[in-house]
Amino acid sequence: MAAIKIENVTKKFGDFVAIDNVSLTIEDQEFMVLLGPSGCGKTTLLRAVAGLGMADSGRISIGDRDVTYLPPRQRKISMVFQSYAIFPHMNVYDNIAFGLKMNRVDKVETDRRVRQAAELLHIETMLDRYPSKMSGGQRQRVAVARAIAMQSQVLLMDEPLSNLDALLRLEMRAELKRLLAEIQATTIYVTHDQIEALSMGDRIAIMREGRILQCDRPTIVYDRPATDFVGGFIGNPPMNFLDAQVQRHNGSVEVLIGDFKLTPHTLIQPLLRAYDGKPIVVGIRAENMEALAAPAADALKVSVLVVEPLGAQNLLTVKIGANTVKVSTHPSFEVAPDQNIWLRFPAEKIRWIDRDDGRVLYAEAA
Amino acid sequence: MKKRYNWTPYWLILPSVIYLALFFAWPMVQALTLSVWDNTARLRLHAEASTRSAIAGSLPRGTPIEVLERQGNVLDPDDLGQSNLRTEVWFRIRGETVDGQVIEGWAPETRVRVRSTDATGAPTTGTIRPRIGAAADPLTSLYSEPSIVSEVVGRLEANTTVTIDELTTLELWYLIRGESGGEAIEGWAPSRYVQVYSDNVSGRIDSGDAGELTLRYIQAMINDRFFWPAFWTTLLLMVIIIPVQFVLAIIMALIIQQQLRGSSFFLYVFAIALGVSELAVGIVWYAIFTQNGYLNSILVSLGWLAAPIPYLTADTRYWIIIAIWLAEIWRATAIVMVIVVSGLQAISHEVLEAADLFGANLWKRVRYVILPMLKPSLQVALILRTILALQVFAVVIALSGGDVVTVLANEAYRQYYTLRNVNVAAAYAGLILLLSMFSAIIYLRMVRSHEETQG
Numbered sequence: 009m010a011a012i013k014i015e016n017v018t019k020k021f022g023d024f025v026a027i028d029n030v031s032l033t034i035e036d037q038e039f040m041v042l043l044g045p046s047g048c049g050k051t052t053l054l055r056a057v058a059g060l061g062m063a064d065s066g067r068i069s070i071g072d073r074d075v076t077y078l079p080p081r082q083r084k085i086s087m088v089f090q091s092y093a094i095f096p097h098m099n100v101y102d103n104i105a106f107g108l109k110m111n112r113v114d115k116v117e118t119d120r121r122v123r124q125a126a127e128l129l130h131i132e133t134m135l136d137r138y139p140s141k142m143s144g145g146q147r148q149r150v151a152v153a154r155a156i157a158m159q160s161q162v163l164l165m166d167e168p169l170s171n172l173d174a175l176l177r178l179e180m181r182a183e184l185k186r187l188l189a190e191i192q193a194t195t196i197y198v199t200h201d202q203i204e205a206l207s208m209g210d211r212i213a214i215m216r217e218g219r220i221l222q223c224d225r226p227t228i229v230y231d232r233p234a235t236d237f238v239g240g241f242i243g244n245p246p247m248n249f250l251d252a253q254v255q256r257h258n259g260s261v262e263v264l265i266g267d268f269k270l271t272p273h274t275l276i277q278p279l280l281r282a283y284d285g286k287p288i289v290v291g292i293r294a295e296n297m298e299a300l301a302a303p304a305a306d307a308l309k310v311s312v313l314v315v316e317p318l319g320a321q322n323l324l325t326v327k328i329g330a331n332t333v334k335v336s337t338h339p340s341f342e343v344a345p346d347q348n349i350w351l352r353f354p355a356e357k358i359r360w361i362d363r364d365d366g367r368v369l370y371a372e373a374a
Numbered sequence: 005m006k007k008r009y010n011w012t013p014y015w016l017i018l019p020s021v022i023y024l025a026l027f028f029a030w031p032m033v034q035a036l037t038l039s040v041w042d043n044t045a046r047l048r049l050h051a052e053a054s055t056r057s058a059i060a061g062s063l064p065r066g067t068p069i070e071v072l073e074r075q076g077n078v079l080d081p082d083d084l085g086q087s088n089l090r091t092e093v094w095f096r097i098r099g100e101t102v103d104g105q106v107i108e109g110w111a112p113e114t115r116v117r118v119r120s121t122d123a124t125g126a127p128t129t130g131t132i133r134p135r136i137g138a139a140a141d142p143l144t145s146l147y148s149e150p151s152i153v154s155e156v157v158g159r160l161e162a163n164t165t166v167t168i169d170e171l172t173t174l175e176l177w178y179l180i181r182g183e184s185g186g187e188a189i190e191g192w193a194p195s196r197y198v199q200v201y202s203d204n205v206s207g208r209i210d211s212g213d214a215g216e217l218t219l220r221y222i223q224a225m226i227n228d229r230f231f232w233p234a235f236w237t238t239l240l241l242m243v244i245i246i247p248v249q250f251v252l253a254i255i256m257a258l259i260i261q262q263q264l265r266g267s268s269f270f271l272y273v274f275a276i277a278l279g280v281s282e283l284a285v286g287i288v289w290y291a292i293f294t295q296n297g298y299l300n301s302i303l304v305s306l307g308w309l310a311a312p313i314p315y316l317t318a319d320t321r322y323w324i325i326i327a328i329w330l331a332e333i334w335r336a337t338a339i340v341m342v343i344v345v346s347g348l349q350a351i352s353h354e355v356l357e358a359a360d361l362f363g364a365n366l367w368k369r370v371r372y373v374i375l376p377m378l379k380p381s382l383q384v385a386l387i388l389r390t391i392l393a394l395q396v397f398a399v400v401i402a403l404s405g406g407d408v409v410t411v412l413a414n415e416a417y418r419q420y421y422t423l424r425n426v427n428v429a430a431a432y433a434g435l436i437l438l439l440s441m442f443s444a445i446i447y448l449r450m451v452r453s454h455e456e457t458q459g
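Which chain is which? The protein sequence lines are F and V, in order. Residues are numbered in the working numbering as their position in the first sequence, beginning at 1, plus a constant of 8. Residues are numbered in the working numbering as their position in the second sequence, beginning at 1, plus a constant of 4.
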């Protein structure tokens, strides 16, 4: 059992607060992704768990051991580094066997585990090679093999795919996912690539400025972001944001986008009452808007600026008031720039965002 | 389209190539030639008494010879200062014969007595010397050229007054015969190379005008009584200095690498000795170890010693070695450290973190990761240090005066400066060069870095 518990961890570099009182629990064998833009503290948090940068305050435990101030070698973890950090003076075999050798695993067992790890990563034919004679993708595999050969209960990965080219990244992503499901280690995976996070993680912790904004399953993080930042960071294209005005009308709440009236979902109405007469931000994902070629009573008339055919979908850029909005349509929906289309906003897909603190409003029972 | 070859790098490198050839390769070849090339080994004999005539053969320096004949030859004015020259002066004179005819020609100085000279000291008039002995020819011949083999213009009686118009200096050439390799060789040679004994018929070849490869300078070096002490002392110093320096330098570099507070201060402190001249270091340590030096004063004032110990004497040679050892370690460890520090900085931080994370403690990280990855740097440092150790000189001079304990560089200096023995000094220099190259090759093979370290 190796759940990782991070409790109230703070880490400062001089005056800069890299991690600000973060608490996070990663369940045994869970795949946790730390996601965020660069400088958000995700790598610092991972390094605090690894022991490569001690936390200033707080507590980190792995299983039932408090490891907060243990040196890395005593934490019984393994790690894949962003630069791979494989030893250039050792061949692949010795690289993979390094951790086992340092931990005095006997020779037969070492050999068995090295070959097993190499086989899992499909590098069993390169055991005699030196890293300088390998491609970036192959080095990456060595780094992963070295980490899994340790058979630690905790595996840390620091942007392991960021140095690979796009195609290789796609391939390694799927392979890593399969591999990690197989080895059943508790994994913390740091990335700034939201697609990687969505596709791989059991849960995603989105970080910004040293804090965790939201930590949940990928579908939830995508569909029900906790803040506008999460909505804007996750998804491609990111969530659209529209400036709107709340007003009360005949006992119910209406929201005006320009002249266009939007009727919020009944569940959210009580919450919106507090915003009567105030501006609010409407968040909606590109694929959640319904594009119509002809006018309809509940649809907003917009003019198309750009049409980007992407194969599986067409991405339209339209202007609504001062906001630019991306709309995803089926490829069969034919439209040209400067044409008018009409957009329908399904009530249950609209996210209501507080303009001041970026919080997304959810009705309790949703 | 024709592929254009890019010559720019070659143009850029040209000045350095010229510099290297002019100030490095050429003097080095010259110097090394000195140690194996005896440039006065053989004397070439000419078929006739002229430098333009064919070579009849050559005789090694020192060969005993017999002198068969001699002849004066016009001497190049540039050669006048040459030692060992046998010369004779000829005058061009004018005088009246018994039959009243005025004749003009050349006669050797020995036949004319100078009676008057002009303001510069050049002879202007003279008289023909009488010949002594009844059998002698009473007349003196004048020649058309300043040579006894030239045509006789006429003859003058003794005591004829003559005017002297011109004079010329001739070098004597000897027709000599000597034996070389069981073969008798006969030919003409200028007097400057030949020593003729007082009997005027025998002599020896004094020096040659042609060079020859020789081992005698190297033999002279090896047979010198200071050679083996210098050789072994140099090796001993290398063996006791270099390993200690490397251990210290690596430890110092690791301390600096820890990025502790003030580690850059350490770097400066460690590197101070780099800026001090070798001789100054020697003098500093001399001041410590001399009989009334710091060490003795401190020990005596602490009461640990009753009387000062004379460390740097011929009877306490080991103390001198220890002093040299300390001085060299103090002086030259920093250069190794600087190289090791730069090597350490080239090691990726993540690699060291990975080693730590995968269970290597400090010692194992040094042993299995840092040292192997430092190999190229260590190799450079090792070669550099060994070459510098072979050149150790000023420290030894300062601490031992260069006699009690001596090293190869000191012997080269002694041979060149004190003994004026350029060739043997060159042999020492050549030996140092050879040892440097040899050790560099050994290191390159022994500490061979895998191709993988350039990754």
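Hint data in this document are derived by calculation from the structure and do not stem from the laboratory. Computed from a prediction, not measured in an experiment: that's the story for all the values here. Note that the Cβ used here is the ideal one computed from N, Cα and C, for glycine as well. A couple of the hints might just be wrong.
If you only want the chain V side, here are some residues facing chain F, beta carbon under 8 Å, derived [unchecked claim]:
(1) 16
(2) 355
(3) 361
Listed below are the simulated BS3-like cross-link pairs for lysine-lysine, each with C-alpha atoms no more than 27 Å apart in a straight line [as the list claims (entries may be wrong)]:
(4) 357(F) to 327(F)
(5) 84(F) to 368(V)
(6) 7(V) to 109(F)
To give a feel for the contact side, a few chain F residues facing chain V, derived at Cβ under 10 Å [to be verified]:
(7) 77
(8) 81
(9) 82
(10) 107
(11) 108
(12) 155
(13) 159
(14) 251
(15) 255
These are the hints, each one checked on the structure:
no.: 1; hint: 16; verdict: 29 Å, violated
no.: 2; hint: 355; verdict: 5 Å, holds
no.: 3; hint: 361; verdict: 4 Å, holds
no.: 4; hint: 357(F) to 327(F); verdict: 20 Å, holds
no.: 5; hint: 84(F) to 368(V); verdict: 17 Å, holds
no.: 6; hint: 7(V) to 109(F); verdict: 54 Å, violated
no.: 7; hint: 77; verdict: 15 Å, violated
no.: 8; hint: 81; verdict: 5 Å, holds
no.: 9; hint: 82; verdict: 9 Å, holds
no.: 10; hint: 107; verdict: 3 Å, holds
no.: 11; hint: 108; verdict: 9 Å, holds
no.: 12; hint: 155; verdict: 9 Å, holds
no.: 13; hint: 159; verdict: 12 Å, violated
no.: 14; hint: 251; verdict: 45 Å, violated
no.: 15; hint: 255; verdict: 57 Å, violated
Hints 1, 6, 7, 13, 14, 15 from the list above are not met by this structure, while the remaining hints are.
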